[in-house]
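Protein chains: 2
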Amino acid sequence: MKSTAGKLHTRFNRFAGYLAACCATLHLGCASTQTSTATPTTIDALQQISNWERVGAGVWSTTIGEMDGELRYTELAAERPRLEALKRLGEAEFPFDPDEIRYEILPDGRLMVRIPLAPDEKIYGFGLQLDRLDHTQRVMTLKVDHWSQGGGETHAPVPFYVSSKGYGVFFDTARYLKVYAATGNRKDATQREPEFDRNPVNEEERGKWNAQPRGDAVEVSLLSPGLEVVIFAGETPLEVVQRYNLYSGGGTLPPLWGLGFWHRMHAHADAEDVYAELAEFKEQGIPLDVLGLEPGWMTRSYPCTFEWQTLRFPDPKGFTQSLLDDGIHLNLWINPYISQKGSLHEPLYPLSGSHTVWHGIVPDFQVPEARAIFTDHFREEHFGFGVSGYKADEVDGYDRWLWPDHATFPSGTSAEAMRQTYGMQLQKALYTDLFRSENRRSYNLVRATSGAASAYPFVLYSDSYDHEEYITGISAASLGGILWTPEIRRAGNAREWLNRMQTVCFSHMAMLNAWVSGAKPWSFPEVTDSVREVIELRMRLLPYFYTAFADYHFEGIPPIRAMVLEDGDFRIRAEVEAGELDGETNPYEVDRVFEKNDQFMFGPDMLVAPFYGPRYATAREVALPTGDWYDFHSGAFVGNGEIIEVDAETLGDRIPLFVRGGATIPMLKDAANNAKAVSGASLVLRHYGEGEGFVRIYEDDATTFDYLSGEYRFREVRIREDGSFEETIQGAGPALYGDIEAVEKMTRGQR
Amino acid sequence: MKSTAGKLHTRFNRFAGYLAACCATLHLGCASTQTSTATPTTIDALQQISNWERVGAGVWSTTIGEMDGELRYTELAAERPRLEALKRLGEAEFPFDPDEIRYEILPDGRLMVRIPLAPDEKIYGFGLQLDRLDHTQRVMTLKVDHWSQGGGETHAPVPFYVSSKGYGVFFDTARYLKVYAATGNRKDATQREPEFDRNPVNEEERGKWNAQPRGDAVEVSLLSPGLEVVIFAGETPLEVVQRYNLYSGGGTLPPLWGLGFWHRMHAHADAEDVYAELAEFKEQGIPLDVLGLEPGWMTRSYPCTFEWQTLRFPDPKGFTQSLLDDGIHLNLWINPYISQKGSLHEPLYPLSGSHTVWHGIVPDFQVPEARAIFTDHFREEHFGFGVSGYKADEVDGYDRWLWPDHATFPSGTSAEAMRQTYGMQLQKALYTDLFRSENRRSYNLVRATSGAASAYPFVLYSDSYDHEEYITGISAASLGGILWTPEIRRAGNAREWLNRMQTVCFSHMAMLNAWVSGAKPWSFPEVTDSVREVIELRMRLLPYFYTAFADYHFEGIPPIRAMVLEDGDFRIRAEVEAGELDGETNPYEVDRVFEKNDQFMFGPDMLVAPFYGPRYATAREVALPTGDWYDFHSGAFVGNGEIIEVDAETLGDRIPLFVRGGATIPMLKDAANNAKAVSGASLVLRHYGEGEGFVRIYEDDATTFDYLSGEYRFREVRIREDGSFEETIQGAGPALYGDIEAVEKMTRGQR
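Residue numbers (the numbering used here), protein chains in the order written: chain A, 1 to 751; chain B, 1 to 751.
These are calculated hints, taken from the structure and not from any lab test. Given the structure is predicted, the values throughout are model-derived calculations rather than measurements. A few of these clues could be false.
[To be verified] If we take Cβ atoms under 7 Å as the criterion, some of the chain A residues that face chain B in the derived model are:
(1) R186
(2) P213
(3) L223
(4) D647
(5) L651
[Unchecked claim] The calculated label-pair distances, taken between Cβ atoms and stated as ranges, are:
(6) B:M67 <-> A:E75: 54 to 64 Å
(7) B:N439 <-> A:S148: 21 to 31 Å
(8) A:H633 <-> B:A267: 53 to 63 Å
Quick reminder that beta carbons are idealized off the backbone N, C-alpha and C, glycines included.
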């Protein structure tokens, strides 16, 4: 691999004007021209950082100030950094002049770090921000809370951003972080816009004033004596994200059943209700892998006992096993706050924080003993006899529900750090002490997570429910090592029901969570066939999607990706034809990083553009990157680097899905009812476009952690022009699917 | 005066059940029953406060931790505490067991103070919160910012609250303050609700669960090594507020002209436009005291030069004087951020903060030299030759406009403290160095203020514009020593125009600020007569309202007051008749503190209930406290302790106004065009209800600070049953009005 920074410099030399503008602040070490003043507030007076340490290929870290007693997100990561995988991505040059990143420790205990920005640079990321991906010129408070109004507070405010100039920055601290992105100009900044009068006498001078003049840096501040900053290089924005994920332990690899269809029961449902519901799923022919129980499975909830309510479930063990026999995995709702009436209250009382949540004590999972008491109970009462995992609710906010910022905890962890990491601490407890220790993979839900979380098999969800935001969340998640489900709770009409169902089937977790509204997949009979079809399509795509997750695990490539992560050839032909682009393919040129958040990439080669909202319920635009694109369903050629219109009628009420020319999509020949039926099932390969094809299909035992010790294999298939193929096996792990029964050539219509 | 605390104890003894519930936490020092645990997080382990110091009659202060380098709001107060006036209110007992208020200094630099609450206690206040007055069970961040969504961020987040149990608490620190009011239960709290299951099996047990169980304290936290807490006693909520205002230096007393009608010109207006506009006011017969110029009066704005744009105003001095000759006072818009093109830039550059606002430098008014340079310029360029005052904009927020929390300032003041006090620092500079030093009173606008601000002649305003919220603001202001104008900018129809005009004429500043929309008082011709009538009514009420401001200054009584500040007899007759109230008159009993925020008291005896919004545009309810109430306009008896309906048609499109039985309202016989015409003008007294009457009318020179050295007088008038009267003069100050020409007996209809 070539060095990123070196390549950037070369690119920059082509743009002389740009070079002049950015030289004082970014990448190049030419001397600053500002004059210093008498006050201690100049940029020159800020502290320099001399201790950047290479912590992996293309990854550098520095500790500013004193981190004793401060919690880093990486300390809570599920797995160690995947240094070998980083090495395969290649070494790279540090993307800054090391002198350019400055900091200051203020008398009132705030710590500030300043990272320069070029005049046209954009930054993307900061975790699960549901409104957009580009956060340039925003002020954000990164704090774990319910998503509501933007401003940075959300279920997963990951303090990591990707720059359009080709690097990433991760603030590795469990503190509330205030981010001033290209806003808040210093008075001695050398790179700034001219000052304009807002009310000039001459009319022609009016309108130039800017309410928010662009700043020349990202400045972040936090209340802490120390901060660890991690910088990631990358040839492309995707490579930056890969390095972040690999540094975080790699992406999670769910059990295969986790990628099937999920459904949740009413909070007051009992075992008989569950059996009746399962019978109805069978009758309706709707696949189902996971059945979720809401709080009523416990003797008390909000706060919780985690003890079975035997009036509803008289035989938890037998009940769980009977579902497993049918291929159905049981998921249990929890929140971590413990009722006075539960057996965990007494042992955990001294190991809990000063404040309660709904009167429940708040166990301090940073105390190993507390974690052990908690997970031993879970092993004994549910996971040990076959319960598959949990939905960990209420670890996100609001302030009026959770502990205050001044709460204290036995481990000495600050209330702020507990707030930022409580979801992650709970994940760590369940993952390390249950899933890993029992060597049984799990797939779960959690309401909040943090930085360095990519290796956790937990999917985020929200109450906010706006369909457009939920689609944006799919893209946003891919920039921060997190997973997201735009779960379905209800719909105003059949069209919305189908559109939401189609969206969720192309997300990290295809879950119906309609227990409050009582809706079932077949509640809108006029679209039930289409609903069944998209769920079956998800099931048929399991070999493709599971392989995408393997790439997440081994290479850090998110299985679903924002369009801004697509590679440098991602331009719109119309723009090229209009002469607005010059034919260069520099992925870091801002105007060519393509931010469109209502479509996204599913696996390596599929582009998904769901219908949504009242406005785009049955027709919408899709922006196709350069390259040939084919309709997934029909194989028709649809375009190349252009914006096309799609409508539901033409698609036969199917979701708009497009495949890159030359790509091969491995699918099950028939939709499995659940993952149990996948074992040994026949495959078909769909090859789109002209020429030869190649595809890798990941296989392992689908349920244990044995893949971590090499127990997996890739089936590599080369497809010839005539549709015949040759299969090679890489690795010695177990087989998962059956034979490839056919190659379907999906190429219709004119290029 | 009797001791408050003693009286409270007596009252509490009547309520044995209540007493048991609150004894462990409030007012009584009986022993706590909780058992301590092994962790250092118990209530018992919190620090006690041993150094409560009496700092005035009924006022106590304590310093927790270390306040070196921390800014107190009281350091920025306009005037010294009015200790003599406090003494006249009487001594009182400390309203708590001193052992009950606890604190903790946390390892991460947070300081927490815990003030216990009784189970039924409510708290009101926290400054200009525009949504409601009762903030019990809220979590708020008190931070200066634009008002938007609640949550505590607003133009004047005064850290002062009044308890329904009869005391007030002021956190005297210029820090962001996080307030957890009766939320966030400690696990060892002795006073708490039982725990309920959210999903019980038995249907009859459902619905008891509470999403936000009530906490037993106000807990506040802040980032600071120290905090000063001030406690105020009071026989009534109003007395608590009076003590707070007197401790803050007393209320401001505006120049009489400040209470007249205000109008603002378009930002690009020139001198000729002003003359034309003034001529139109005359022609339309609309009173006018103050003419405001928006930013275009300067050579550059956003940031500013504070230098006259002579292309628009070729002769600033002559222009200002010509307006004064006509009785019109000139008010100039500013923001404090300084343009590179202004003469102040060079001298103030080294005395400004690290960051800019719209590229303007931010002078550090905590540096005396900076303040002197700034105000010398203002004296020279405007105030010195007759400009009357300023509209100080943009000192409130947003984060994306102002300096970041990590900005630094030459005085060493933290960015946080600068944010919390910048509006107040600017007020201090203008008040002390200009208005007081020139011995010329002023009345001004400011976009943000803080604690201990009652003596400043600055009125707050906002961009939020919701009429109902603007009316709530009138009440909210009265709880925090601040002034507020629900200024008018535009209206969707004539009815809204009139309703907003009526509201603003019963606020602290009657201002039309419609320069953007271009609307004039006569823009909706169908209501121009009604608009003129209410402006004229405000002018006729000047003797009444100016006296109310004198009471604000001398006694701390807000001139306009929330209904929750009305005294203990404030009950609704209907409730009494329904047996819901027992006839007791305890102002501290929660259910009898009457929170209704869409009506308020104007001066001592007038109740104002404006029409507002689409829903209450022409008809609404008015809740009358006990006592006889009369329609201001007709003198008709309207009710006593009951809810009545009023409608616009019956009132002849006048604002609903009610006067307490027995009250006398001093008025000008004729509406003055402006305050210049008030001097020597004849008075009439309107006496409402049966029996004899008494009224005090305050007089001074109306423009200087000589009243501070005793140059004022009160005219005390006793009215006999037959309408004849006797007048006595108290004090040796100058006369202001002419003779009392008539007493009007305003009593019609049956009681």
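Okay, the hints, checked on the actual structure:
Taking 7 Å as the C-beta cut-off, the interface hint given for A:R186 holds, the closest approach to chain B being about 6 Å. Interface hint status for A:P213: upheld, as the beta-carbon distance to the closest one in chain B is roughly 6 Å, under 7 Å. The beta carbon of A:L223 is positioned within 7 Å of a beta carbon in chain B (closest approach about 6 Å), and the interface hint is therefore held. Taking 7 Å as the C-beta contact cut-off toward chain B, the hint placing A:D647 at the interface is violated, the least distance being around 38 Å.
Interface restraint check: A:L651 against chain B, minimum CB-CB distance 40 Å, threshold 7 Å, status violated. The supplied range of 54 to 64 Å is broken by B:M67 and A:E75, whose beta-carbon atoms lie about 36 Å from each other. One distance hint, 21 to 31 Å for the beta-carbon pair B:N439 and A:S148, is violated here, with the actual separation near 51 Å. Look at A:H633 against B:A267: about 58 Å separates their beta carbons, and that is inside 53 to 63 Å.
Hints 4, 5, 6, 7, counting from the list given before, are not met by this structure.
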